[in-house]
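**Q** Please put together the full structure from these sequences, using the hints given.
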Amino acid sequence: NAGVTQTPKFQVLKTGQSMTLQCAQDMNHNSMYWYRQDPGMGLRLIYYSASEGTTDKGEVPNGYNVSRLNKREFSLRLESAAPSQTSVYFCASSPQGAHYGYTFGSGTRLTVV
Amino acid sequence: GQQLNQSPQSMFIQEGEDVSMNCTSSSIFNTWLWYKQDPGEGPVLLIALYKAGELTSNGRLTAQFGITRKDSFLNISASIPSDVGIYFCAGQFGNQFYFGTGTSLTVIP
Chain A
35 NAGVTQTPKF QVLKTGQSMT LQCAQDMNHN SMYWYRQDPG MGLRLIYYSA SEGTTDKGEV
95 PNGYNVSRLN KREFSLRLES AAPSQTSVYF CASSPQGAHY GYTFGSGTRL TVV
Chain B
179 GQQLNQSPQS MFIQEGEDVS MNCTSSSIFN TWLWYKQDPG EGPVLLIALY KAGELTSNGR
239 LTAQFGITRK DSFLNISASI PSDVGIYFCA GQFGNQFYFG TGTSLTVIP
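In order, the protein sequences belong to chains A and B.
Offset between the first sequence (1-based) and the numbering used here: plus 34.
Offset between the second sequence (1-based) and the numbering used here: plus 178.
Keep in mind the hints are simulated off the structure, nothing from the lab.
Positions of the beta carbon are idealized from the N, C-alpha and C atoms, including for glycine.
You may find that some hints are simply not true.
Output of the computed footprint for chain A on chain B, the stretches with three or more beta carbons under 8 Å from beta carbons of chain A [what the hints assert, rightly or not]: (1) 215 to 226; (2) 275 to 287.
Keeping only pairs whose Cα atoms sit at most 35 Å apart, straight-line, the calculated DSBU-like set for lysine-lysine is [claimed, not checked]: (3) B:Lys-229 to A:Lys-48; (4) B:Lys-229 to A:Lys-105; (5) B:Lys-229 to A:Lys-91; (6) A:Lys-105 to A:Lys-43; (7) B:Lys-248 to B:Lys-229.
**A** So, in structure tokens, the structure goes:
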């Protein structure tokens, strides 16, 4: 069982570059999420997709865009990376909404120089 | 966003000792979750709590949903080296979960 798969695992970007973080889940979950994790800050929600075809902003959406490509895939795009976006990014999914908790991927460690 | 205060920030304990950590908020939450994160991995769900006063166990782990719905507690009994990691609480407010800042646990053999 793959669960939630994130690619890439590591990435270094120069300020102003763009990139897309990929996430796919094979559990037939309806809801998918993108979090960032920074030292001393816990996990903060960037965007989420409650179901295929919908996306909503979370706590820290500025500088990011998302696409729910289909039920399995939810991508996160940085159009013009900034050093403040250096973080570890986690994708997560849940069967329906957040009530039963999430299954997390193993993360993408992004450094913007 | 909602603020969750998790304490302690870090713990260093001897193998075999019991561990207690807690999470408090100024807001009422409908659901409390406890996760564990190993280095280089994503958080893994340990226990979910859905009702005020609920006490739930998962092996050596026991968690409680506070009566006020503003806090939750996690206890680990007879710690072992593989308990090392960061433990996060998460509270549901509306249709989102908000995470605490984590408790880093080190178990000394």
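**Q** Evaluate each hint against the coordinates.
**A** To see whether the hints hold, each was checked on the structure:
1. For the stretch 215 to 226 of chain B, the stated coverage by chain A is satisfied: 7 residues place a CB nearer than 8 Å to a CB of that chain, which reaches the threshold of 3.
2. Residue count for the stretch 275 to 287 of chain B with a Cβ under 8 Å from a Cβ of chain A: 6. That meets the three needed, and the coverage hint holds.
3. For the suggested pair B:Lys-229 and A:Lys-48, the alpha carbons sit about 47 Å apart, so the restraint of at most 35 Å is broken.
4. Between B:Lys-229 and A:Lys-105 the alpha-carbon distance is near 31 Å, which keeps this suggested pair within the 35 Å criterion.
5. For the given pair, B:Lys-229 sits about 28 Å from A:Lys-91 by alpha-carbon distance, which is consistent with the 35 Å threshold.
6. The hinted pair formed by A:Lys-105 and A:Lys-43 meets the criterion: a straight-line CA distance of about 22 Å does not exceed 35 Å.
7. About 12 Å separates the Cα atoms of B:Lys-248 and B:Lys-229, which keeps this hinted pair within 35 Å; it holds.
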